[in-house]
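J.: With the hints as extra help, turn the sequences into a complete structure.
Given next are the chains, with one letter for each unit.
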Amino acid sequence: MGVGKKAFVNKIIKFRTVVILLILVIVFGIIKPIFLNPMNIMNMLKRMSYTAIPAFGMTFVMVLGGLDISTGSIAAVIGVVMALLLKNGMPIFPAVLICLAVGMVLGLVNGVISVKGKIAPFLVTLATMNIFRGFALVLSAGKPVSIVNQGYINLFGTGMLFGVLYTPIFFLILFFAISWYLFTKTKYGFYIRCIGGNEEAAKVSGIPINKIKIWTYVIMGIFGCVTGLILDAFMSAGLPAIATDTAMDAIAAVVLGGTAITGGIGTLWGTLGGALIMASLNSGMSLLGAQTHVQILVKGVVIILAVLLDNVLKSRETI
Amino acid sequence: MSEFVLELINIGKTFSGVNVLRNINIQIREGEVHALLGENGAGKSTLIKIISGYHQADKGGQVVVKGEVVEFKRPKDAMNASIHTIYQELTLCPYMTVAENIVIDKQEHYKGIKLHNKEYRQIAIAALQRLGQEDINPDSLVKELSIAKQQMVEIAKALSGNAKVILMDEPTSSISEKDADVLLGIVKKLKSEGITVIYISHRLHEIRKISDRVTILRDGNHICTKDIDDITNQEMINIMVGREHHDIYPKREAHIGDKILSVQQLSSEGTFSKVSFDVHKGEIFGIGGLVGAKRTEILEALFGIRNISTGKIFLRGKEFVPGSPSNCIKNKIAFITEDRRKSGLVLCLSIVQNINMVNTGEKSKFGFINWKELKEKANGYKKMLDIKLHNTNQVASTLSGGNQQKVVIGKWLESKPDLIFFDEPTRGIDIGAKTEIYTIMNELAAKGVAIILVSSELPELIGVSDRIMVMCEGVMAGTINYEEASQERLMYLASVKEPQQQLESQEE
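Residue numbers (this note's numbering), protein chains in the order written: chain A, 1 to 319; chain B, 320 to 827.
Examples of chain B residues toward chain A, derived with CB under 8 Å:
(1) PRO644
(2) SER645
(3) ILE648
(4) PHE654
(5) LYS661
(6) GLY663
(7) VAL665
(8) CYS667
(9) LEU668
(10) GLN672
(11) MET676
(12) GLY680
(13) SER683
(14) GLY686
(15) PHE687
(16) ILE688
Simulated from the structure, these hints should not be mistaken for lab results.
Even glycine gets a Cβ: it sits at the ideal position worked out from N, Cα and C.
T.: Structure follows, in structure tokens:
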């Protein structure tokens, strides 16, 4: 392979997420020009927020070499707790603080059991996924808890910032910025990549592996919490059975963004791209009149194709 | 028909540019026990793996079985030619029964849907009986057996596969003396049945007991093949180590200062016992021994990765409990580990990131890292250690072995240690890079840093160290000053367990 061609292939590998996203946007844009309408894009981003925000957290977890499939259940618990607090007349600000604390505690449970009990995170979160979900159902007696506080619904769902930006999109950008900063500029983010890349080397280098792991699940808990808060506003209710796909969609977005399932490698830009791919697919197919069932099917196929493409490109990279 | 059951003609092997075997020509007679001897890294295991079809020889080499040129593409091909191998790391399935393991490579016994349990049980029982191992229950799980018994199962598996040639790679390295005697008996028995055995071992007394002929390899070269009666132990050792003292070891004047580390009667249960030594500022203290002598384990214990059962450590005059790597790093100890890929580097991260992995906390403000500043540091090490790279943002996996090792050294120098452990620092890197690493070590020692060097290469130990402690199977076999050190003396200490030591280790 010539040097120029090799460099070109390597560029495509690096920006594969962008390439896939561009293809989708162009295809949908040609077939259904309304896809590129600013209103449609705004709506798409708004709905994307509750997949992308947990996906940012999931990037930390997966680069660390872990996994958390309980995120959706955490979001459901938070949704119910928030709705109950509002229903009992608590002001928004302290209620949000309490929810954040609950989210952190649930994440802490995942982290501590996995690290101290030396149990694979998949198994721990498989169990807590059920436990937390049950918790949400018990708290709400299995019924939706409605939210009438319009201030809250504006703040997390339908409100506009500067008259143009939906608040969920604002939170999407805010959490992306925070995650990106944490991941690339801090000791904590660096340690995550060290541990995921080579735990043995990290251990010998004196990196506090257990502490970092537990913290990562706590942070995941916070992201799950924010997801729950946004969903509450969208639904005007705390729904105990909501967000069953959240963890899986987040994992899909992270994988589409090029994060290695084995840990160590990954970027937040990639995850953002992965989430955008999934959002474009959903939006584009809805515009084409595809049923939800078909959308789910296509989503699965796209994940497989993206990962296959990843493998093919990576094997060429080594030439 | 040839008189040789197996002939190796002009066998060579290159792994990613490193030539590990050159021009090997060996002829194995039918029914003999042929010993393969050589230091660590002489190429014995690679040769075995070529014969058994695990690796393929470079172009130009030929494997000839009973006069016919063969090409083994995979282990199964060698087995079909009646050549079976008992690897150092056993290859049984621990959660399957003995009988299942014995027939696992004989697919004719479970063709179709139905498992012919009774049939294959019979095969297993017959094979075990042939070895005189009737006490092994064919229905027990392999994981319940001792290593020695598992080896017997491996041999039974080979026999029931109609083996005519059996290769054994250091079979006695992980079993007790008593079991080793049983194994040697089995080898003799196999020989009496006309089976050819190729036997790899470091232990000269074993080789003398059972072999007819011996082939000695050194640095990937075939040095000689002789009848065992025509060669003395001393001669074997001389041939094995007989390397010239190359000029690859830069000269230096040692300025040995105060005692920095004192290890007293240190033991770690099940690995090593009662190890005592002192290390001084400016000194390079070598630890030698064969594979399995538990050298790395001592360093691990000193660095808080391995449990210490008894004994004391004094660091700069004060009693010191290693505890954890981070505590050791705080106490200015660095550990350049044996396998840079496994525990030295994070291969998917950049050189800047790898070099700044230790003590990142001290270099960040409120947890925030200034990568620009750290890049400057990495560039400093690039210059100081002459690391060949395009850009310090390059991913570590893209560097050559020698340069990767320099990154690991840079990473540990960045923690400003005054006691550094070098565990096999030059394994798998070329001569030029080796000399550079010795120079770095000498410069560090000249600055008053104390160094502990663990190495399997005797010339390296002698060429670099001021004093050398030799370990043999978890106990100290002796400590020698640089002036008195010779490869022969070290090899003797490392390979011949003296009766006195044996008594001591049995008392434990």
